[in-house]
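**Q** Chains as they are written, first to last, in the numbering used here: chain A, 12 to 284; chain B, 18 to 257.
Warning: the hint list may mix true and false statements.
Some chain B residues well away from chain A (every beta-carbon gap over 12 Å; in silico) [unchecked claim]:
(1) Val44
(2) Ala47
(3) Arg143
(4) Glu150
(5) Asp163
(6) Tyr191
Simulated DEER-style distance windows between Cβ atoms [to be verified]:
(7) Asp109/A <-> Lys107/B: 57 to 65 Å
(8) Glu21/B <-> Asp224/A: 52 to 60 Å
(9) Ile89/A <-> Arg79/B: 53 to 61 Å
(10) Glu95/A <-> Ser26/B: 39 to 47 Å
(11) Asp224/A <-> Ile160/B: 38 to 46 Å
(12) Ala28/B <-> Gly145/A: 42 to 50 Å
(13) Gln162/A <-> Arg79/B: 44 to 52 Å
(14) Ala47/B <-> Glu61/A: 54 to 62 Å
(15) Ser182/A <-> Ala28/B: 37 to 45 Å
(16) Arg172/B <-> Asn229/A: 46 to 54 Å
(17) Met237/B <-> Asp272/A: 53 to 61 Å
(18) Asp272/A <-> Ile86/B: 54 to 62 Å
Quick caveat, the hints were computed from the structure, so don't treat them as lab data.
Since the structure is predicted, the reported quantities are computational estimates derived from the model, not experimental observations.
Just so you know, even glycine gets a beta-carbon here, dropped at the ideal spot from N, CA and C.
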Amino acid sequence: MTTQTQSRMGATMNAPSALPAVPVKMQARDVKVFYGAKQALKGINLDIQENRVMALIGPSGCGKSTFLRCLNRMNDTIENCRVEGRLTIDGDDIYGRDIDPVQLRARVGMVFQKPNPFPKSIYDNIAYGPRIHGMASHRDEMDEVVQKSLQRAGLWNEVKDRLREPGTGLSGGQQQRLCIARAIAVSPDVILMDEPCSALDPIATAHIEELIDELRENYTIVIVTHNMQQAARVSQKTAFFHLGDMVECDDTEEIFTNPRDERTQGYITGRYG
Amino acid sequence: MTNEHIVRSFAQELQRLSNLITQMGGVAEAQVGSAIKAVARRDVALAAQVMQADTRLDEYEREIDTETIRLLALRQPMAQDLREIVSALKIASDLERIGDYAANVAKRSLALAQVPVVRPTAGIPRMGRLVEEILKDVLDAFIERDVEKAIGAWRRDEELDDLYTSLFREVLTYMMEDPRNITPCTHLLFMAKNLERIGDHATNIAETIHFLVVGGPLIMDRPKGDDSSFAVVQPDQTAP
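Next up, chain B with everything else stripped away, as it sits in the complex (with noise of 0.2 Å):
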């Protein structure tokens, strides 16, 4: 049995529709990559443009939300072609919130770049590498139809979540040494924070890709490494 589809306007619209989340997904990795190095470099312009680009990913959003919404009405679709259908809506709207937490990272640079530059921003280029990382694998599981990429790439959010909680005590650590740190490493805070959540969108996306493949949910203990919620650093532990 071959796998086209008799009518083939049908086959044609579906593959626009996964076509379209692949470049929406080239879009997001771009502009998480650029938003890491406006901060990593303080490029103004950069991140500007990073800002700007956002309104191009709810383009997309809306584009693909509007071909799915018309294949699902005009099409019934059913199995397989049901949950490329399906997946494809929650992809799109999982790029579109990697997009704007990007788009905030930018945002952030500006503020970052007007004052001296503290020590734990070089944390946001290393959780940055990783969180492209994890982004390009679940974006290529997606194209390759690959399941164990998905499932590799969905296990790594955790060396994030750990990268994360770490940085989240060491930039406590330098606002507790000096009161003027405050305002960088508040930043640094979100920032970091708008990272981990971008690791949380792609795992959303590699257990869609799990869904569209294998047809049903993917159940699977990650551990979840994120303990900043628990954190807690106390004066003296900072005290030379």
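Next comes chain A alone, as it looks inside the complex (with noise of 0.2 Å):
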């Protein structure tokens, strides 16, 4: 890393504040995506802190996408892309020779935009991720584990009288904590979610940010989204991405009163750019 990263990172991460320092969770450090010959992120840094919620704004085709799915290397999937820099779990780098994609997985969940269970009973989609992790020895052990789960995703009232039901019979809103569920059932330590909410309606969506406000407890989340009154609704931080560059990162609260880059105020407040 350079010297010249290293002040930008000092200005924008490091703003006075009489609070102790939260850790970090993760990291990144000059990270540059390219997809072929086209270059999709130009170099971000940026800390994600623990248990505080990240949320990455910025006009579609700005790479925050891309920097969401470098966080469990699911970009791995895609043929000639190429990721550069550094990006590291608890000072681990992610992309180490000895991480194993799979457990990599486990520690940063991911939830999609569109809510995706598996063709399964409600029990069995919860029950697969820690079955293949091997996480449960017996069926006692694994009916907690799913009990835990959708309660923790604040769904288990709903259907605790149907478990054997198909997943796919639920509510679009349902659905997705029940992929929230499904992510939190191995334990992971950051979630992820890219636009969780753009195909709920505003009452699902009220569930869903609160459920992201009770899961700070225990997670640490990154969560993309296009719905600004969304980002200044759940998250502690935010991040504007730009053409591939990470513009500004500060409190979210400084995001939306004050920005300091215009390309952001010009962004969130619905002006040319």
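Got two chains here, separate frames each, mind docking them using the hints?
**A** Written as structure tokens, this is what we have:
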């Protein structure tokens, strides 16, 4: 990392604050991503704090989803995709040789835009991950994992009497919470969410947002959203991406009341960019 | 990057809000000017006019309140837009109070006009000129989004406080000299207090302009010049 990027980080990340420093869970240093010859990310530096919600915002094609997918190596599956720079979780290099992507994705779970439950029962949707990771040896243990995950996802009371019914039979909002429960079931540290509410109505959205707020106690959350109000409501930190650069990262409050960069201001207030 | 909203109707609504503040500011400025003139010239008709016209400022404030609440609800503004709207709400409330004080000065001028002139009356136009200048600067600063001008006006409030303190002492002295002065002098005291308060609201507006443009509060030490709260005038000081 160059001194220049270091000083830029210092300016944006370490805003003067009387509060004790929050530990950094994941860290990106000069992360560049190429799809073939096309460069999608141009050297991202970002600290993701533990037990905080970080919102990634920016216009379509700015690289925010690409960045999110780097965090659990989802880009590995895309042909011609090349990732440079350093990405760490608890100081471990995510792209290190000794890291198993499957294990990594258990530590860094993901929830997608469209709820995508497996064509299985509600119970098996949750039990699938713990089973392949060998996390429960007895039936009782698995029951407990399923119940706890559904409880944490705020879905238990709605589904406890129909655990054997297919997950696809739930409403959209319930399905999304099922997917969150499924991500939680393998005890991740970090949960990535890519537009988790864009297919949901305002009530289902409110449930997910309330859930995100609760999950923050136990997990670190990174959420990509096009909904500015949602970013403002759920996150403590917001990073604005533009044309493959991370333009500005600051306390969410600051970004939405007094952004430093003209481009951020233009984007969030809906002006020509 | 241009400063144009993609949604033009939003830009137009913000502009309209800003225009409303400018117009309301103009009315408040005129009210203060006329009230002071009414005192200086013992012009009862003008005073009555000022008292009546105060309702216009109330109407402006209501309109701005409605408009800001509508914009907050329908547009969910962010960043600069949010600051514009919140600032409009605050400035309208300050201007409305300024109008109330001007109307009260006008009202007291009616009582003052019924008794012989007392000398400290001359202090009111003197304070008034300064108040008008500060208010004008603050309103210009709003229109031009000029933080420096706003801070300049904000600093001048100290001069106003000094004038108020000295007028306060002068008025107390006159009261002690002759009890017949008490009626007009009490009115003068309240008038001076009103003008001093108008200055304070003008400094509030200056601070709001700072927030609007810079995005943060104006944190600076402005020496407080209003020492009238500590003023004690003893009878023996007034003896010839």
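**Q** Next step is simple, just say for each hint if it's right about the structure.
**A** To see whether the hints hold, each was checked on the structure:
no.	hint	in the structure
1	Val44	30 Å, holds
2	Ala47	34 Å, holds
3	Arg143	40 Å, holds
4	Glu150	31 Å, holds
5	Asp163	19 Å, holds
6	Tyr191	51 Å, holds
7	Asp109/A <-> Lys107/B: 57 to 65 Å	58 Å, holds
8	Glu21/B <-> Asp224/A: 52 to 60 Å	36 Å, violated
9	Ile89/A <-> Arg79/B: 53 to 61 Å	58 Å, holds
10	Glu95/A <-> Ser26/B: 39 to 47 Å	45 Å, holds
11	Asp224/A <-> Ile160/B: 38 to 46 Å	42 Å, holds
12	Ala28/B <-> Gly145/A: 42 to 50 Å	59 Å, violated
13	Gln162/A <-> Arg79/B: 44 to 52 Å	50 Å, holds
14	Ala47/B <-> Glu61/A: 54 to 62 Å	59 Å, holds
15	Ser182/A <-> Ala28/B: 37 to 45 Å	39 Å, holds
16	Arg172/B <-> Asn229/A: 46 to 54 Å	52 Å, holds
17	Met237/B <-> Asp272/A: 53 to 61 Å	26 Å, violated
18	Asp272/A <-> Ile86/B: 54 to 62 Å	30 Å, violated
Against the hints set out earlier in the document, violations occur for numbers 8, 12, 17 and 18.
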